[in-house]
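There are 2 protein chains.
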Amino acid sequence: MTRPTPLSGFPEWLPEQRLAEQQVLDRLRRTFELYGFSPLETRAVEPLDQLLRKGETSKEVYTLRRLQATDDDADELSLGLHFDLTVPFARYVLENAGKLQFPFRRYQIQKVWRGERPAAGRYREFLQADIDIVDRDTLPSHYEAEIPLVIGDALRALPIPPVTILVNNRKLCEGFYRGLGIEDPEEILRIVDKLDKVGPSVVKDEIAQKHGEARADACLALAGISAQDASFVDEVRKLGVEHPLLDEGVAELAAVVETAREHSPGLVRATLKIARGLDYYTGTVYETELAGFEQFGSICSGGRYDNLASAGKDVFPGVGISIGVSRLLGLLFKADALSVSRPVPTAVLVALWSEEERAVSNRIAASLRARGIATEVAPAPAKLGKQIRHAERRGIPFVWFPANGENPDQVKDIRSGEQVDAEGWAPPAEDIAPTLR
Amino acid sequence: MTRPTPLSGFPEWLPEQRLAEQQVLDRLRRTFELYGFSPLETRAVEPLDQLLRKGETSKEVYTLRRLQATDDDADELSLGLHFDLTVPFARYVLENAGKLQFPFRRYQIQKVWRGERPAAGRYREFLQADIDIVDRDTLPSHYEAEIPLVIGDALRALPIPPVTILVNNRKLCEGFYRGLGIEDPEEILRIVDKLDKVGPSVVKDEIAQKHGEARADACLALAGISAQDASFVDEVRKLGVEHPLLDEGVAELAAVVETAREHSPGLVRATLKIARGLDYYTGTVYETELAGFEQFGSICSGGRYDNLASAGKDVFPGVGISIGVSRLLGLLFKADALSVSRPVPTAVLVALWSEEERAVSNRIAASLRARGIATEVAPAPAKLGKQIRHAERRGIPFVWFPANGENPDQVKDIRSGEQVDAEGWAPPAEDIAPTLR
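As given, the protein sequences belong to chains A and B, one line each in that order. For the first sequence, the UniProt record's numbering gives the first residue as 1, with consecutive numbering after it. For the second sequence, the UniProt record's numbering gives the first residue as 1, with consecutive numbering after it.
Take the hints with a grain of salt, since some may be wrong.
In this list, chains with the same sequence are indistinguishable; a pair is considered to hold if it fits within one copy or across any two.
[Unchecked claim] Simulated pairs of lysine-lysine, DSS-like, Cα-Cα distance not exceeding 27 Å:
1) K210 / K334
2) K111 / K99
3) K210 / K194
4) K210 / K197
5) K386 / K313
6) K238 / K194
7) K386 / K99
8) K197 / K334
9) K210 / K386
10) K383 / K99
11) K210 / K238
Since the hints were made in silico from the structure, they are not lab data. The structure displayed is predicted, hence computed values, not measured ones.
Okay, chain A solo, but in the shape it has when bound (with noise of 0.2 Å):
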């Protein structure tokens, strides 16, 4: 077999990426735990058609197909690969509202995959995290303000630069655009969404070929407001459109910023331009910046959808927010902002003196294991030097000597060097796990 090279588009860490991948993930986890949301995962696969029933990105769907498929199988379902985690929740929910208690939280930790051609930062399989509020019939409006500040903590409690959520609410734009007499608002978020990439004159000419330059004017007024509290509402009120949708909207992201400013100031700004692609999004929606890597695009986006969710009569509200994950660490490992203190678990190696004294090297590691200290014996029973810089090679900071002859148990650090009797040894907390930074 020759060297395999890697994937295009489908990414892999590194050993000591994937301890820093895996401690963010458990920060995350913590800190949705903390707000009740319950730990989910849906199988990687959904029918066609429920892939295919919503958004931009079906397109871009993997199918499957077994090897060895025969003629037998041809009434199989067809299946493809999740792009979302949104879609097979919502699914799920659907699937089993009998068994769920509402509102439900969940967080959700899993890898999407989606068929586009590779190019810089755009992967085929990467990791989402995303956490999610869904209740019966209806869903207040609270959940809407609530979730910023979950993903604001989550993301705080990582040594990451300081992110901001950029908000805004679907009614709000689509009541603005009706008020202007635009009958088709969906029209217009999409070309409003294109308006960091294409540049306001762009944006303008495309909405004034159709609709007359005034309306063009309003709607990138719109677009140009930013607050970090509810002065947005004045500014709106400025622009002279009216309608119930409008208010509505101005409203429901009015509550959004104020509660965000009470619980965890400069977290949130109202950002009328954002508009986010899918198209299942009602209400609030969401996109975060993270200081610095701005140009980068949103490591965080999401919203409120009324209709992702119904059967017959039933409807199941929601509201999520999704990291992108893959995306952000990406991101970080390349400018080195992004590290672990040390790139194995191992704290200890306790050296072997011969290989018939295995068994005690192997119950010293069992004993500081018991203590919850990671622990590995040496391979070999190679000169001293050799095991000390084993150690080194592999990031391991203790080395343990067992007792031999005259001398007691004795554990050095290897990084200062500095060698003492074992008994009543512990290390140093910090160096207990590999800690993020």
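Starting from the structure of chain A, add chain B where the hints point.
This is chain B only, laid out in the frame that chain A set:
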């Protein structure tokens, strides 16, 4: 949309089952890390030629295709979902050998996919938890003795019935069959592998047909040997077969059994009928029985492989084992033998007097979370009885009532009905987080 139904072969847990699974995985990880295994993940897909290189499961591979694939994509690599974690790990080691430190120890907890016909207890998507140790050029056989110790600790940390790890050695069997003058030992291994399924007389007939009755008797006698210590060595010797490979295998198996007997009495049993289906094993092989669930087969299997990771003159022999997490949990859930102490992470529900006072309840929740206590705020300012019933239905043990008029903040244990002043209150240690039982 109509209500969706489950997909046969693609299991999904209810929230409280997933909470149990999550806790199982956390404990496994904890043990693996205590032994110095690093977390690792590989992508879910491999080039088809990698997947078809080895092993009987190759016929069960799921292949991928982009839904919108065009003729331009014809030259795209054929990809399939991995069917185990050993083949991808071997590929990862070859690909990244220059960046890894050897011996390299990693654990890997991921879904795998097999396009088998669904049957009771046979999944098409399931979770595996693997540990492996690989070295460059040669791998000392003491690692074959270490693997059962790790798994023993990991499984004994769970509130499940006791396990016995059954161990055999491919060299022992191959040497024995060759010593009998049989030229294709693989064939005999495949026949003996069916022993528990088809019974000894069928196995004997099948071997006798080609190799004569005396050899068939010898093979069956070997398969009948089983011992928790090195006493199996004498029983093998008594069969009077000689071959250098047999001696090597006997010595290695004796070392595995004796190491286990010293460090973890009762854990390991030399069981010479164990063969393992996959053809990449070259030394020790493992299977694991769960007391009371023996008829469902092995819950944790693996072995040593010398030739799985090699490119040109680079060889990376390894040894590993895989816990079939989905299968294990499926069995335990079905038998009501594993559950969690409560169905949600949340310990406290903060009641809500009015929607206007939500900020007050939010602040109480925030201060509880800052103390590491998982907390939710009530969905709506309903009557107090209704808020308490909401906590009950969700399985949340405590309700916190914010100060109201002359009443100070109070906390109610809704299981006992006991209500106390909240000042200085903390949940009992056993109620802070849900625990496995």
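Outcome of the hint check:
no. : hint        : verdict
1   : K210 / K334 : neither (44 Å within a copy, 62 Å between copies)
2   : K111 / K99  : both (25 Å within a copy, 25 Å between copies)
3   : K210 / K194 : within (17 Å within a copy, 74 Å between copies)
4   : K210 / K197 : within (21 Å within a copy, 74 Å between copies)
5   : K386 / K313 : between (71 Å within a copy, 25 Å between copies)
6   : K238 / K194 : within (25 Å within a copy, 81 Å between copies)
7   : K386 / K99  : between (59 Å within a copy, 20 Å between copies)
8   : K197 / K334 : within (23 Å within a copy, 53 Å between copies)
9   : K210 / K386 : neither (76 Å within a copy, 53 Å between copies)
10  : K383 / K99  : between (62 Å within a copy, 24 Å between copies)
11  : K210 / K238 : within (24 Å within a copy, 95 Å between copies)
Violation of the numbered hints given earlier is confined to hints 1 and 9; the remaining hints are satisfied by the structure.
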